[in-house]
Amino acid sequence: MRKPSDIPFVQDSSCFFVAWIGMLMVFLATLTCALAMITYSSVQSWHKDIAGSLTVQIPSYDKEGNSRKDVLQSDIETALTIIRSSDGVIGANPLNDNQMDQLMAPWLGDHVVTSELPLPKIIDVVIDTENLPDLAQIKADLAEQVPLAVLDSHRVALADLIKLAHNIIKLIGGILILLLISMAFSIMFVTKSGLKVHHATIALIHMMGAGDFYITRQFANRSFKIAFIGSFIGFLLALPIMMMFAYYLNNLTGSFILGTALTHQQWGILASLPFISGILAYLTAFKTVLTELKRSL
Amino acid sequence: MFEGNKLSSPIAEFNGVSFRYGTGTDILKDIQLTLDPGSFHFMTGESGAGKTSLLGLLYMNHLPTKGRVRLFGKAVDTLSRADKAQIRRQIGVVFQDYRLLSHLNAFDNVALPLRIAGVKETEIKRHVSELLAWVGLEKQIKAFPDELSGGEKQRIAIARAVINRPQLLIADEPTGNVDDAMAKRLLYLFLELNKLGTTIVIATHNQNLIKHFGFVQLHLSHGHIQYINQEKQSKHFQQGETA
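Quick note, the sequences are listed as chains A and B, same order. If you use this note's numbering, the first sequence corresponds to residues 1 to 297, in order. If you use this note's numbering, the second sequence corresponds to residues 1001 to 1243, in order.
With the rest of the complex left out, here is chain B (with noise of 0.2 Å):
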């Protein structure tokens, strides 16, 4: 595992987690899973293995049903609402459907996350421009939602999700309405982000770039997880591969 930004607690502690949705059957079960600092994490599995559900405990989006989910050393489940919030406001989330705001253009859909922080317009203004560049968007900043193609979208809540440097990077398939090019432009925009200290979990089905970058596969099956390649990522690393 990658552990070249080590802080001193774990970003997010897994013990005996298992979750479902209402009175259903358990989609994950008795999970134990612990993401260091500056760690980086492809999770994988079939569909309905319950990569999302596992995503959401991360971002907060539902509490487990059994288990306790610790985040950057608290527990979730006794946060308070401001704690939550603060919390929030570490983690990027780059959503399968994009959840971009339809009434907002590709300029203001970017700036949400560092308005919601209190930031200066002047400098949301700059960073978003600068970061709207470099996912290859600088002609749409103005264009809403419905104006731009699937890949464009993605990239615009990729963009989102990581314009406030989260600590905890979570993506979901992020990489799945793009070609394998930008796939890895993207992939390198994330792992630009991992050198500086974010920890980095997402959910794909591309092998391509699994393969690609060898990071630890968090692979989930029948609600259990299992790490393949731990010994490889550690590897990869210290030789010192990056983008």
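Looking at chain A on its own, in the form it has when it is part of the complex (with noise of 0.2 Å):
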């Protein structure tokens, strides 16, 4: 025989609000949580494309075609003034003669001196993937005081990209406690509410005997049911449109969004939504009533 709830939980419509409550916060969560491991995904396959290293290119002739021969060298050393005094930049070594001939032979042969040839000096940066530097910056002063220097542009723009994928992810974190915190006020009114509605029986029961705890675990188990049913619901209701998302960075955007298949442990982070929801709202709950019984007599 199934034991029934002492409190007449189905006589009291408010307890269906949490399983709204919960279905439209798990269907946000889910989206903004999908949200920062794409962006998440990306940023890592952003952080292989600069791992290791980046150039600075200076040419050797300018651009009506005259040599820079005198000023190539007081050109290379401030850049590399500039670039070692950045945070961030492990080294900063020129090319020599032998590396570039390395670096050309697959386009012009094992056999061409490219000292000869007006190729620009290129500087060899070994950045820390860890603690990127403010490439931007670099850019700038290498811009003010070697105005021809070339520092590698779609690494900047990664680097600048990654920055802000960072605080994107900062940002959906700050919306996703912002959820929680709704969703535990929420249920926290619903729960108080509650307990007015069923004052009489809580209290016939309370002169029966039963203690705090078995009153509070009612109410808990009840809150759990209810906002796990509406936030399995909310996750169901975030899948296709998650799919549909996904779908349309692949087709808008190519490659360049790496992270729209989400790995099986971001799914499992995904599907537990529920389940937090779930203890959210019991622990909510537990902690309402566990109060409020105590300031009656």
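Hints were generated in silico from the structure; no laboratory data involved. Glycine residues also receive a C-beta, built at the ideal position from the N, C-alpha and C atoms. Hints are all accurate, no fakes.
Stretch-level coverage of chain B by chain A, calculated; a stretch enters the list once three of its residues show a Cβ under 8 Å from a Cβ in chain A:
| # | stretch |
| --- | --- |
| 1 | 1077-1086 |
| 2 | 1101-1113 |
| 3 | 1116-1129 |
Two chains, each in its own frame: build the complex with the hints.
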């Protein structure tokens, strides 16, 4: 025989408000979490693109075709000073003639002496991928002091994107926290309303010797059940939207957004959201009921 | 006073207890009362004399405005919430308005105190079925309160109050909606519990029952309490009259 609840929750429509809250919150949380995960995966792939080193080119000839041999060495020294003084730069060295010959060999052949060609001088910069240098600042400093120097601009843009992505992830984290707080407050008010609705029943059960935990557990279990069901529906509703969004991103940007396919671990995190919502509802209801009961006789 | 199962300390003691609702006048005034273990009392008095209030003090529905109430040897104003719950599990209450839970059927209403006490479902099923049969409601086991008559509800309320064999049974007009035959049958049920050691206090206007059973009357009048029939009851039980 199934044990019925002592408290007539079925007569209290405010309970179902918890389901709606759970559904809405988990729907939004699933989408924002997925967005954070996609952003994170993309950041990881962008990190790989800018990992290791980048280059700074200093032309040997100016735009009119005049040799800059007299100022080239001082430009290189100035550029090296700027680059090496930047936080996040592990090392910076100009490529010597042999290294240049090896670099150009695939295009020009093994026997070409590159020092006799109008090729730019290249500075190889090794960067710390865990602590990316401020490439925009380096670029600005170079533009001011070595105007013809060219910093690898694609990598500069990627570094900016990574910073932006990190900020987006932080923003999403903040939104998630706000969602959780909103949900907790909503459940608290619904639970308080439920306590008023069921006041007579609670008083009767108390009079029969029910402890606070006995009553509290019934509210908390109910809150978990209702919130979980609503949250699970919210999760299911978010899935087609996520799939549409991923499809749109893939078609729109090709391989630029590389993280649209979530990993199993990331799916696991998303699938746990209804449980997290249920647990939050349980704990909020538990704390609310216990606090309120302690104020009564 | 019946003292067949006397324990070391009284079940309930009222020392100079007064009570009023809010800022009103005192309903109970300077009550001195002792309920010994295994005693059986009728409580009488005009409507509004304070019977329900006194019973309310006995099951800790409210606290006295003056004086001290001790239950099972403990002052109720100093009890922790856990202790209150533990003491309340030893008290059965039959309310005048039954207070059955409308969303639960007869079985689940009666089973409620056992579930609160954490009794196993198999035990609950056996005990509740037996008791419902005893009060003549075995066929209404799945009926909801809205489907029952006043007398049937009253019997469910009584069954709920006695199901866990409380040490103190408090009943407010428990026979108000049943005929005399059923009233006596229910009183015999209370008497059986009393023989097992339960202290019983019944508020009633039914003079037939009072005369038939002849227990001590706690008569409330103008907020004061007086004992009636005290010697008669002792004699009654010394002669060994039971159900």
